[in-house]
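A.B. asks: Now that you have both chains on their own, put them together as the hints suggest.
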Amino acid sequence: MVAAQAKSPAKPHQASPSRESEVAASVKALVLAGDRDAARERFAELVARQQRRAVRIAFNYLRDAHDADEAVQDAFLKVFTHITSYREEFPFEVWFTRILVNGCLDLRKARARRLRWALPMPSAPDMVAQMEPVANDPSPEQRLMSSERARQIAGAVERLPDRQRLVFTLCHVAEQSTSEVSQALGLSEATVRVHLFRAVRKLRKLLTGEGSSATGVAPSSLLDRERSAV
Amino acid sequence: MNRTHLTDNQLIELSLAGIDRTSEPHLAECEHCDARIAALTSMLGDVDVSLTAEVDEAFPPERLARQQARILQQIEQEGRPARVIAFPAAQSVPVRVHRRPTRRWVAAAGAIAASFVVGILADHLTYELSRSRPVATHLAVRVGDQHAPVRTVAASLSDDELLGQIEAAVGSTGPASLRALDAMTPRAWDDR
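Residue numbers (this note's numbering), protein chains in the order written: chain A, 1 to 230; chain B, 231 to 422.
One chain only, chain B, in its complex shape (with noise of 0.2 Å):
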């Protein structure tokens, strides 16, 4: 009796070559490699089984019938040119503009027109307050002097004139050099 056993390689080998145990003579004779291809064999009865069965569960019946739906469902359209739809739908409604093209010239030309109004106006309006600006900033200076100079005429003095009454204020006119120039030298606020 051969007492040397297959080896694993060996037993993998004869068992996916599907060779009848019987034929084989050292299986024929050794109990221990007999067993061991079974073994072999089982296990691999019971991963064909148990990952048909996981196919199964996951796949019912149902599900595939579903599948097999949609799949005919596909080909079905398959080939088929595609359906074109109107976007948006509401173009297709006849506009009233095509029906009366007079009226968006008439309401263009109101538009016009009432733009002109509002500029005269706006135009009217700030020539109007510019002209009332001086007098106010004449009493603004008169109450000034009466009460609180500097802060009344600042309220109301553009950045040079505020500059000219603090540089007039604190007395300094410039180097001795300059002020017969600067005394010659009108100044802005003075024109108005």
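Isolated chain A, as found in the complex (with noise of 0.2 Å):
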């Protein structure tokens, strides 16, 4: 299923686009129409259809709640507000992706900024520890490897660099195909691949200790087929 999403086609003119494509049409149509109650009923169902993925995105790439719940908020906003620059034949999400990514770079390098002033926050490891799932009535020893493996996988995916935990965030939390990723990003779709392969590649690596002797570089297909895009 996952491999599946990354590998489906690339859609930059859709033949029949998604139903958020429509429906932000429609807002920018009444938006230029003047009618800006109806653009604003409209929208709802706009948030309403991205506000999940949205909310996945923000928090797998910032990992703090509070960060990802102002990122979402004002990509909405910025939507909102600039819609009447959405150009119909893009999909929306991915216009939306781009919004959101750069609104979360932004946040990234302000809290950057603020961290070199603070004192040091509770470790992360305890704040992922507060926000394991659990499952419906687990034992205490099902519940203590839920949680021991939740925590592997968070601070594994925490030591991603910036660029393969965006990428592996939106192709595999968000199912975006490689291709949407892309046009998202401003990156080739061959430079995306190699990030998701390095992604996985470490993931693997982290998780079950298997690939430590792989060579640090990806497939030779792989950059082939990046340098042929570059």
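Quick caveat, the hints were computed from the structure, so don't treat them as lab data.
Using N, Cα and C, we set each Cβ at its ideal position, and we do this for glycine too.
Do not take every clue at face value.
[As the list claims (entries may be wrong)] Have a look at the derived ranges for each label pair, beta carbon to beta carbon: (1) B/A258 <-> A/A33: 55 to 63 Å; (2) A/H82 <-> B/E261: 52 to 60 Å; (3) A/R163 <-> B/E287: 25 to 33 Å; (4) B/E306 <-> A/R116: 31 to 39 Å.
C.D. replies: Given below as structure tokens:
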């Protein structure tokens, strides 16, 4: 399933636009017609459809619920403010993801600036431990193992370089194709694939201990594709 | 049977490409590599589930609903002119000064007159005190003649007078060549 998502073909010019793209186009038309109240009502549907996905992207990139909350709100506000510049020939999800990721990057920079002058915060593993998912009525042993595994996974994902984590999040958590991710991030599709490959390889090494003997380069086929794309 | 196993990189690439394991000849015949790619796919699935669960835990439906309400509220405010808040609120209440402006002038004239009176009184008092000071000095000198001359006089003399008295007491009037000139020179306290 996951691999199929990463593999799914690029759709820069879809034959049939997604529901989100249709709603966005109608919001744009309403705004241009001066009917802002109707546009706002229509936009609520867009928020409802994209909100959970946006939260997943922002949270996995920023690793902070408060910042993710802020980033998602800002992104939706920017979308509505600049809806007239939306181009219907592109999927709305790609445009929105780009706005959201740019907002996340800004927040991340701001947080780095804050941390330079602030006292150290409580350690991240404690925060992760508080947010661990709990299955329905698990036994204490299962809960312990589940929490330990969740902690390992969260720690491994946090250790990914920013761009690898972002690409991995968009491909796996946000379920976007590499083509959509390349459009959203302004990278070539080959570069996206290389980042994705490296992210998976590093996660595998961190979580299973396998692949430690692998060389630090992507497979030649991927690199060839990247070179040809450049 | 091909016993050269897939490298880790090939395995990852196959996993990301979503190639059907049965369609890959090597995987179809190599249980070891088949197990490896199955483990990798399982691990990625665990990561996806874990990350998604983590976000859903941090953002339950109630929080998402609140967030959605805030977004829509912000959008509703967007584009509207800012509400002007009167500041300070007390300024909107009519001030009495505008109704009776003459009162201010009366109060100002009264204050000026009062300050004149106070100034005149203060000047008069200062003058009286300055007149009474020499009497006190003379009295102090007289008392000092009888009991403790130096200490009593020093208490009421100026610096010049004190230095002159000290000079006279010590008896030094300077070099001999200047004594005639010194005798001719009037002293400041002699003029009083």
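A.B. asks: Mind listing which of the numbered hints don't hold for this structure, in increasing order?
C.D. replies: Hint check: nothing fails, all pass.
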